[in-house]
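S.K.: Each residue of the sequence shown is one higher than the last, beginning at 369 in the working numbering.
Mixed in with the good hints, there may be bad ones.
The calculated lysine-lysine pairs, modelled on DSSO-like cross-linking and capped at a C-alpha distance of 30 Å, are [claimed, not checked]:
#1 Lys599 <-> Lys613
#2 Lys614 <-> Lys604
#3 Lys482 <-> Lys553
#4 Lys550 <-> Lys619
#5 Lys482 <-> Lys471
#6 Lys405 <-> Lys482
#7 Lys405 <-> Lys496
#8 Lys400 <-> Lys475
#9 Lys452 <-> Lys427
#10 Lys538 <-> Lys440
#11 Lys620 <-> Lys604
#12 Lys471 <-> Lys405
#13 Lys614 <-> Lys599
#14 Lys452 <-> Lys440
#15 Lys452 <-> Lys405
#16 Lys440 <-> Lys400
#17 Lys452 <-> Lys496
#18 Lys405 <-> Lys475
#19 Lys620 <-> Lys606
#20 Lys452 <-> Lys400
#21 Lys440 <-> Lys427
#22 Lys606 <-> Lys619
#23 Lys538 <-> Lys550
#24 Lys538 <-> Lys471
#25 Lys538 <-> Lys405
#26 Lys471 <-> Lys400
#27 Lys471 <-> Lys440
#28 Lys597 <-> Lys620
#29 Lys471 <-> Lys553
#30 Lys613 <-> Lys598
For each label pair, taking beta carbons as the anchor points, the in silico distance ranges come out as [what the hints assert, rightly or not]:
#31 Lys440 <-> Gln565: 26 to 32 Å
#32 Arg398 <-> Asn441: 20 to 26 Å
#33 Glu596 <-> His444: 51 to 57 Å
#34 Asp408 <-> Arg563: 35 to 41 Å
#35 Lys440 <-> Val486: 19 to 25 Å
#36 Glu622 <-> Glu596: 23 to 29 Å
#37 Lys553 <-> Asp610: 43 to 49 Å
#38 Arg546 <-> Lys597: 31 to 37 Å
#39 Glu465 <-> Met426: 22 to 28 Å
#40 Ala520 <-> Ser412: 20 to 26 Å
FYI, nobody ran anything at the bench for these hints, they're computed from the structure.
Glycine is no exception: its CB is placed at the ideal position from the N, C-alpha and C atoms.
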Amino acid sequence: SLSLSLSLCLVAPLSFTAHLLLFSTRMSMRPKDCAAKLADNSPSLTRVVLVDNALFQMKSLEYAELIADGLKNNSHCVELTIDKCGLLDQGAVMIAEALHHNKTLEKLNLPNNKLGPVALGAIAEMLKVNRSISELNLSGNSGSAGGKWGDAPLTALADALEGGNTTLVKIVWRLDNRISWKITKLMSRNVELGRRQAAGTPEGKSSPVISPKRTEEKKEEKELSALEKKKQEIAKRKQEEDAEKKREEEKKREEE
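I would like the entire structure built from these sequences, with the hints used as guidance.
M.R.: What follows is the structure, given as C-alpha cells:
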C-alpha cells in the first residue's frame, strides 16, 4: 500500500504553554457551540477540533449538518478536524457541499471515522471549485478498509487536481490503488508550483496563476513543434536525395 503525505508547509513547534492551551480548547469544544460560532462568523473561532467527542458521536448527522451550514459563509475558520467521531458519508457530503462556497478553510481533517467512496467522491467534486484547502486528512476511515476507496472517486480526485486545483499540497491516507501514482504525480506538481510561486513572486505583487491545463498545452505544443521539425528535416533530406539521384541520372545519360 502507498501512504501519501506531501506537504509544502513547515510548522513551528508550539511551546509547552501553547500545547496546554490548545489541548484545553480542544477538549472544551461542544459541537453545537462550534456550529453557532461558525454561523455567526465569530473571529474568535479559527479552528474547530472535535476528537473522540461523545456529543458528536450520539448525533453525528445533526451536528455535521449544523457545522456544514456554519461553514458556508464563514471567513475566519481555517481548520476543521472531526476525528474519531463516527462521521458518516452523509455527514461528510454535507460538509463537502458547504465548502463549495467557503474560501477560508485551509485544513480539512476527517480521520478515523466511517467514511467511504461516497464521501471521497463528494470531497473530490468540492475540490474542483474550492481553492482554499491545502491539506486533507482521510486516514483510518472504516469505510475504506484496505485502501479500497474505489476507482470512481479516486479518478474524480485526480480530475480535480488535473483540472485546475493547484492549492491542495498535502493528503494523508493509506492508499492501495492503481490510480495512486497519478494522484502522487499531481500532488508533487502542486508542491513544485507553490514553491516556484513563493520563490519568484516580487513583494507587493500577486502571484500569477499557473494553469495545469496551460502547462500541459505548452508541453503538447513543444512536442508538436519537435515533430514538425523532424518532418521538415526528413522532407529536406528526401529532396536532397531526389536531387542527387536526378543529377546522377542526367550524368549517366550524358555519358551514354
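S.K.: Decide, hint by hint, whether the structure agrees.
M.R.: Quick rundown of the hints versus the structure:
Restraint check for Lys599 and Lys613: satisfied, since their Cα atoms lie roughly 21 Å apart, inside the 30 Å limit. For the suggested pair Lys614 and Lys604, the alpha carbons sit about 15 Å apart, so the restraint of at most 30 Å is met. Our distance criterion of 30 Å between C-alpha atoms is met by Lys482 and Lys553, whose separation comes to about 27 Å. With a C-alpha separation of about 61 Å, the suggested pairing of Lys550 with Lys619 is violated against the 30 Å cut-off.
Between Lys482 and Lys471, the direct Cα distance comes to roughly 26 Å. Compliance with the 30 Å bound is thereby established for this hinted pair. Of the pairs offered as hints, the one joining Lys405 and Lys482 holds, with about 26 Å between alpha carbons and a cut-off of 30 Å not exceeded. With a C-alpha separation of about 27 Å, the suggested pair Lys405 and Lys496 falls inside the 30 Å cut-off, and the hint holds. Taking the CA atoms of Lys400 and Lys475, the gap is near 20 Å; set against the 30 Å cutoff, the hint holds.
A hinted pair counts as satisfied when its Cα atoms are at most 30 Å apart, and Lys452 with Lys427 qualifies at roughly 13 Å. Proposed proximity of Lys538 and Lys440 is supported: the alpha carbons are some 23 Å apart, at most 30 Å. For the suggested pair Lys620 and Lys604, the alpha carbons sit about 24 Å apart, so the restraint of at most 30 Å is met. Proximity of Lys471 to Lys405 is assessed by CA-CA distance (about 17 Å); at most 30 Å being required, the pair is judged to hold.
Using a Cα cut-off of 30 Å, the hinted pair Lys614 and Lys599 holds, with the two alpha carbons roughly 22 Å apart. Between the alpha carbons of Lys452 and Lys440 the distance comes to roughly 23 Å, so the proposed pair stays at or under 30 Å and holds. In summary, the hint linking Lys452 to Lys405 is supported, as the alpha carbons are separated by about 22 Å, within the 30 Å threshold. Annotation: proposed proximity of Lys440 to Lys400 holds, straight-line Cα distance about 16 Å (limit 30 Å).
Of the supplied pair hints, the one linking Lys452 and Lys496 holds, its CA atoms being roughly 27 Å apart against a limit of 30 Å. For the hint pairing Lys405 with Lys475, the CA-to-CA distance comes to about 18 Å; that is within 30 Å, so the pair holds. For the hint pairing Lys620 with Lys606, the CA-to-CA distance comes to about 21 Å; that is within 30 Å, so the pair holds. Proximity of Lys452 to Lys400 is assessed by CA-CA distance (about 17 Å); at most 30 Å being required, the pair is judged to hold.
Between Lys440 and Lys427, the direct Cα distance comes to roughly 21 Å. Compliance with the 30 Å bound is thereby established for this hinted pair. Restraint check for Lys606 and Lys619: the C-alpha separation of about 20 Å stays at or below 30 Å, so the hint holds. Of the supplied pair hints, the one linking Lys538 and Lys550 holds, its CA atoms being roughly 14 Å apart against a limit of 30 Å. Between Lys538 and Lys471, the direct Cα distance comes to roughly 18 Å. Compliance with the 30 Å bound is thereby established for this hinted pair.
The suggested pairing of Lys538 with Lys405 holds, with an alpha-carbon distance near 27 Å, which does not exceed 30 Å. For the suggested pair Lys471 and Lys400, the alpha carbons sit about 22 Å apart, so the restraint of at most 30 Å is met. Annotation: proposed proximity of Lys471 to Lys440 holds, straight-line Cα distance about 9 Å (limit 30 Å). Using a Cα cut-off of 30 Å, the hinted pair Lys597 and Lys620 is violated, with the two alpha carbons roughly 35 Å apart.
For the proposed pair Lys471 and Lys553, the alpha carbon gap of about 25 Å is at most 30 Å, so the pair holds. Among the hinted pairs, Lys613 with Lys598 is consistent with the structure: their alpha-carbon atoms are about 22 Å apart, no more than 30 Å. Between Lys440 and Gln565 the beta carbons are some 28 Å apart, a value that agrees with the proposed interval 26 to 32 Å. The given range of 20 to 26 Å is respected by Arg398 and Asn441, whose C-beta atoms sit roughly 21 Å from each other.
Between Glu596 and His444 the CB atoms are about 54 Å apart, so this pair conforms to the stated range of 51 to 57 Å. As the Cβ distance of Asp408 to Arg563 is approximately 37 Å, the hint placing it in 35 to 41 Å holds. Between Lys440 and Val486 the beta carbons are some 21 Å apart, a value that agrees with the proposed interval 19 to 25 Å. Between Glu622 and Glu596 the beta carbon distance is about 39 Å. The supplied range of 23 to 29 Å is therefore violated.
In this structure the hint that Lys553 and Asp610 lie 43 to 49 Å apart at CB holds, the actual value being about 46 Å. Checked against the given bound of 31 to 37 Å, the beta carbons of Arg546 and Lys597, roughly 36 Å apart, stay inside it. The supplied range of 22 to 28 Å is met by Glu465 and Met426, whose beta-carbon atoms lie about 23 Å from each other. Taking the beta carbon of each, Ala520 and Ser412 are about 40 Å apart, not inside 20 to 26 Å as hinted.
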